[in-house]
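Chains as they are written, first to last, in the working numbering: chain Z, 1 to 119; chain A, 1 to 857.
Honestly, the hints are just simulated from the structure, not real lab data.
The model shown is predicted, which means the values in this text are computed figures rather than measured ones.
Incorrect hints may have been included.
Pair by pair, the computed Cβ-Cβ distance ranges are [what the hints assert, rightly or not]:
1. A:Leu269 <-> Z:Gly101: 42 to 50 Å
2. A:Lys621 <-> Z:Gly101: 38 to 46 Å
3. Z:Ala100 <-> A:Gly589: 38 to 46 Å
4. Z:Gly101 <-> A:Arg41: 46 to 54 Å
5. A:Leu646 <-> Z:Ala100: 48 to 56 Å
6. Z:Gly101 <-> A:Leu326: 39 to 47 Å
7. Z:Ala100 <-> A:Gly513: 52 to 60 Å
8. Z:Gly101 <-> A:Gly218: 36 to 44 Å
9. A:Leu362 <-> Z:Gly101: 27 to 35 Å
10. Z:Gly101 <-> A:Leu360: 38 to 46 Å
Computed footprint of chain Z on chain A; a stretch qualifies when at least three of its residues, placed anywhere within it, have a C-beta under 8 Å from a C-beta of chain Z [unchecked claim]:
11. 85-91
12. 469-478
13. 519-532
Built from N, CA and C at the ideal position, the CB exists for glycine as well.
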Amino acid sequence: MACRSLTVILAVLAPDNKRQVSFGLSKICQDANTAVYIIEFVLRDLIGGEFQDRVRLHVDVGGNTKDKDAAQALMDRGLSMTQLQLLKGPITARTKNLPAGTEKDQKAADLLLKVPKVA
Amino acid sequence: MKSLAVGFLAFAPVPAAAQTCPCGQTLACYQTNNYRVGKIRIETLFAKNVPLDWIFKIQELLLNDFTQIKPELALKEGEKFTVGDYNSSHLKFGQLLDARNAGERFKLIYLTSSLQNCNPAALTIDVVYRVFTTDGLSFLTARSERRNDKVSRAVLIPIPGSGNRKLLPQPYVGFNATRGLFGGSKASFKTTGGIINQLEFDVSGSGSSATADVALIGSKEFDDGFINYTQWQVAYSYSNVPGDSIRLKEGILRGQIFGGSHPLGSRGLALRFGASIEGGHKQADLPANTITAAAGPADSRYGAIKAYVGGTMNWGRQAWRASYGLQLGQGGKDVRVDYIKHVVDTSYSARFLAREHKPLRLDVSGSAGLITSRSGLVPIGERFFGGNIQKSFIQGTDWEFNSSPVIRSFPQNSLNLIGPGLPIGGKSFFSINLTLAQTIWYRAAVPEELAREPDLKIKLGGAITTERENAKSSYLDLAPDFKGLVTDLEKLDTVLKELNATLDAVKSTPQPGPVMNAINAFVEKNPDTNIRLIPDALDAIAAAHADKKVVVDQAVTLAQDFPDLDIESSITTVVKTITNARDPFAAAGLPTSELDKQISPLQAIQQDMVTKIPLINDIGKYDANDIKFVADKVNELTPILAGIQLRLSQLPPPQDNDPVAVYASKLDAVSQYQKAAAGGVTQVNQDNVTVRGAERLAVGYGEVASAVLTGLINSIGEFQAPLQQKGFSAQAQALSDHATRVKALQNEIRVRLKKVRIPEIERKANRDVAYTGRVLDVIFREMNLVAISPVAMIDVARIGPLVSPTYDRLRYGLGGGLRLSLVSLDFDVGYSWNPRRLPGERHGAFVFALSVSDLFR
């Protein structure tokens with residue numbers, strides 16, 4: 001079966017619409033039968049009437065088959081309430097103090113990788 | 001500042017490939033054979049189907065954006081193709097699409113990339129990105145109440161947020177038998193904040209008529225409680241419009257307030273109500289021989305108090321609304337009630353979708369009115385004049401509330417004769433209007449092959465599930481333990497502030513370095529965790545205090561440890577930091593009792609919170625017996641799905657340039673659905689809280705994100721022909737048998753799901769998500785960029801009381817025409833005949849109508 005690269009992004013908006021947490025999953029084909037998964041987390045704040053990226057992190061979950069399965073399952077099944085609470089709670093808390101425009105933060109990226117592992 | 005760069009991705013080394021490169025999707029082959037990138041293209045939602053693409057600015061914007069994006073992609077036209085560049089370009093494109101605007105209720109982006117137009121001779125390959133985004137489309141769904149000009153503009157230029165701080169002129173032209181050819185413009189200027197946040201005006205004119213409206217508008221929306229929104233305005237309107245032998249003029253200043261409720265009940269009934277006070281002048285120019293003594297003053301002051309109430313309800317593709325208005329009017333110089341006007345108006349709309357994108361649309365409306373007066377002082381301009389234009393009882397709002405007899409075979413204001421030589425309108429009326437439109441030609445908004453894409457359907461189901469879980473978190477305050485959790489947060493706030501005060505007191509005198517380090521650990525950012533311990537904890541509590549929807553999220557951050565994930569809560573870290581401060585404090589001769597005394601209350605609060613959080617989350621928990629009841633049936637799928645997988649594995653892989661062209665895609669579809677179904681069964685067995693896995697499998701979210709099992713059954717059905725063509729009749733039959741068994745089990749799972757007791761919070765979330773499902777269903781299965789529909793029109797109307805039996809008749813309008821629809825904007829052109837003409841009346845009237853259909857409500 002030919003592998004096809006695809007991205008699905010769904011926004012999770014804060015109720016006050018002043019903060020956006022975007023959770024995206026990409027399946028990236030290495031070859032016809034090989035894919036890696038990328039989890040991307042973006043935190044945006046409403047500044048001057050426009051949403052601006054504060055933090056953008058991505059995690060490559062390509063190395064471990066178990067992680068890949070979890071990422072694939074997350075794409076197909078959606079996030080559970082516990083996963084959402086982890087995302088909107090501790091993970092957001094740990095990223096909001098990162099400097100604006102942050103793209104690499106290993107600690108936060110490690111946390112992000114844990115979302116699919118939570119039941 | 002927007003961060004657009006993509007971080008480095010460590011893609012795996014590309015394996016060696018064959019020397020010759022069959023034109024398939026084998027990425028490595030193109031790289032190792034030194035292919036170059038031909039064209040880099042984008043296919044959008046609007047790309048293929050739009051003969052009038054100049055109208056749809058979003059298409060233009062996407063293409064313009066893509067022109068700017070292309071140079072930033074790692075892949076370059078004419079340069080060497082590499083797998084790494086191909087993949088990083090895909091990711092970067094996805095990031096660039098993921099910019100969001102205020103006011104969007106949800107946003108979904110689906111992006112795929114593929115290789116096309118492989119040219120082995122020239123060694124070139126094109127890269128094509130296919131994009132689906134709800135950008136703009138979702139903005140249409142943002143509010144149920146909108147100003148008409150905003151809606152129509154949003155339809156044509158669906159750019160979220162484009163209205164803020166910009167003057168948006170919207171010119172228009174029209175023709176009406178009484179006004180002739182007229183033209184004008186609407187415009188609005190919107191800003192945020194303030195009592196007045198919107199200025200709107202609408203002016204139009206022709207050789208024989210003029211109208212003008214100016215309004216200063218303020219509004220407020222409410223997240224909770226009965227009231228959804230309120231709007232207030234001060235407005236002035238002027239009108240000078242003829243009607244055959246008469247001319248009606250008025251100038252009115254009005255102050256107005258109205259509001260609406262949040263949707264109520266399972267059908268989402270929304271109530272609306274309001275009041276206005278109006279004053280001005282009304283004048284009716286009548287033919288010289290008209291007797292007006294019995295009719296009332298033709299030229300008079302005008303004053304009125306109006307009150308109105310109504311409701312709207314939508315279910316599926318049906319909508320109903322009804323309104324009642326009461327007007328107490330002044331017709332003379334004295335301030336008193338000279339007349340009372342009652343108006344009722346109702347309508348019903350339905351779209352029947354027997355075939356996708358070809359709806360049969362039915363619109364029925366009825367209105368009636370009555371004026372009573374003891375003094376007889378009813379300004380002629382206040383009487384009921386009928387014709388092919390509605391007159392709103394509440395001017396200046398988008399509340400559709402007609403207050404005049406509508407009959408399309410009469411030009412505006414021309415249904416006015418109550419007797420020979422008496423074109424003075426009636427004191428009572430009723431009218432009924434029916435419109436039928438059947439779409440016969442269309443260009444779908446979303447390419448139909450995209451709407452059938454298994455990947456999209458499966459992932460869309462996952463995304464909607466996420467939205468449902470997110471919606472559930474909005475209702476966690478219904479849990480009995482929620483208040484206790486809020487109390488815990490208040491206690492925690494007190495303890496942390498006391499701790500902060502203690503640290504401030506110590507800091508107020510010079511302290512040795514180790515002590516300052518220990519204090520800073522509470523208040524400065526920890527480089528390992530990025531957390532400012534106490535300030536961030538207090539911020540989290542403040543956020544929870546301000547918005548109950550985030551209470552549990554913040555409580556999880558503050559109190560819940562995830563030892564398996566190496567995530568530590570704020571409280572645990574505070575307690576550890578207090579413990580760590582003991583030694584440096586003791587070494588400096590400082591007492592630690594003020595710090596230590598907070599440990600016990602902190603731990604007590606934490607214990608209470610971590611007990612309550614799961615109890616609160618459990619408000620959405622299904623009964624364990626119900627979960628097992630459903631899971632037992634779901635597990636019967638396991639051997640069947642294994643059988644399908646086995647059959648698929650026995651089939652040969654598709655060849656490049658396979659003679660049965662659809663073999664690869666159909667095989668891929670069955671395989672994807674089989675995997676998704678197997679994953680769904682696993683999910684059902686892992687989930688001891690909900691039955692959402694079974695719902696995804698057997699029920700789905702409408703036709704767009706349909707049930708996974710439905711997708712599996714359908715994909716097997718569509719795989720039959722390619723299998724037969726390739727000579728795999730036995731495999732086709734075996735798969736078909738499996739599909740039959742899956743279908744039977746799906747029905748049984750549905751039956752069991754119907755018997756399951758659904759928690760209240762789940763019901764509420766389902767209601768919220770049903771809206772999303774409905775919107776997506778419309779976008780994918782119904783919405784057309786352009787459509788043509790023949791229209792049939794039937795009208796019945798009557799005004800009274802009549803002074804001549806000859807005029808005491810029902811009046812009819814029978815007509816036909818054509819509707820051109822651009823997304824949800826409908827232009828109707830036609831002619832309506834007057835089959836029972838009276839002296840002085842026309843044969844009929846042309847119908848030109850511009851309306852916005854409520855596709856997304």
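Taking the hints in turn, this is what the structure says about them:
1. A:Leu269 <-> Z:Gly101: 42 to 50 Å: 47 Å, holds
2. A:Lys621 <-> Z:Gly101: 38 to 46 Å: For Lys621 of chain A and Gly101 of chain Z the Cβ distance comes to about 41 Å; the hint holds.
3. Z:Ala100 <-> A:Gly589: 38 to 46 Å: 43 Å, holds
4. Z:Gly101 <-> A:Arg41: 46 to 54 Å: 30 Å, violated
5. A:Leu646 <-> Z:Ala100: 48 to 56 Å: 53 Å, holds
6. Z:Gly101 <-> A:Leu326: 39 to 47 Å: For Gly101 of chain Z and Leu326 of chain A the Cβ distance comes to about 59 Å; the hint is violated.
7. Z:Ala100 <-> A:Gly513: 52 to 60 Å: 31 Å, violated
8. Z:Gly101 <-> A:Gly218: 36 to 44 Å: 37 Å, holds
9. A:Leu362 <-> Z:Gly101: 27 to 35 Å: Because 54 Å falls outside the window, the suggested range is violated.
10. Z:Gly101 <-> A:Leu360: 38 to 46 Å: 53 Å, violated
11. 85-91: Since 4 is at least three, the answer is holds.
12. 469-478: holds (count 5)
13. 519-532: holds (count 6)
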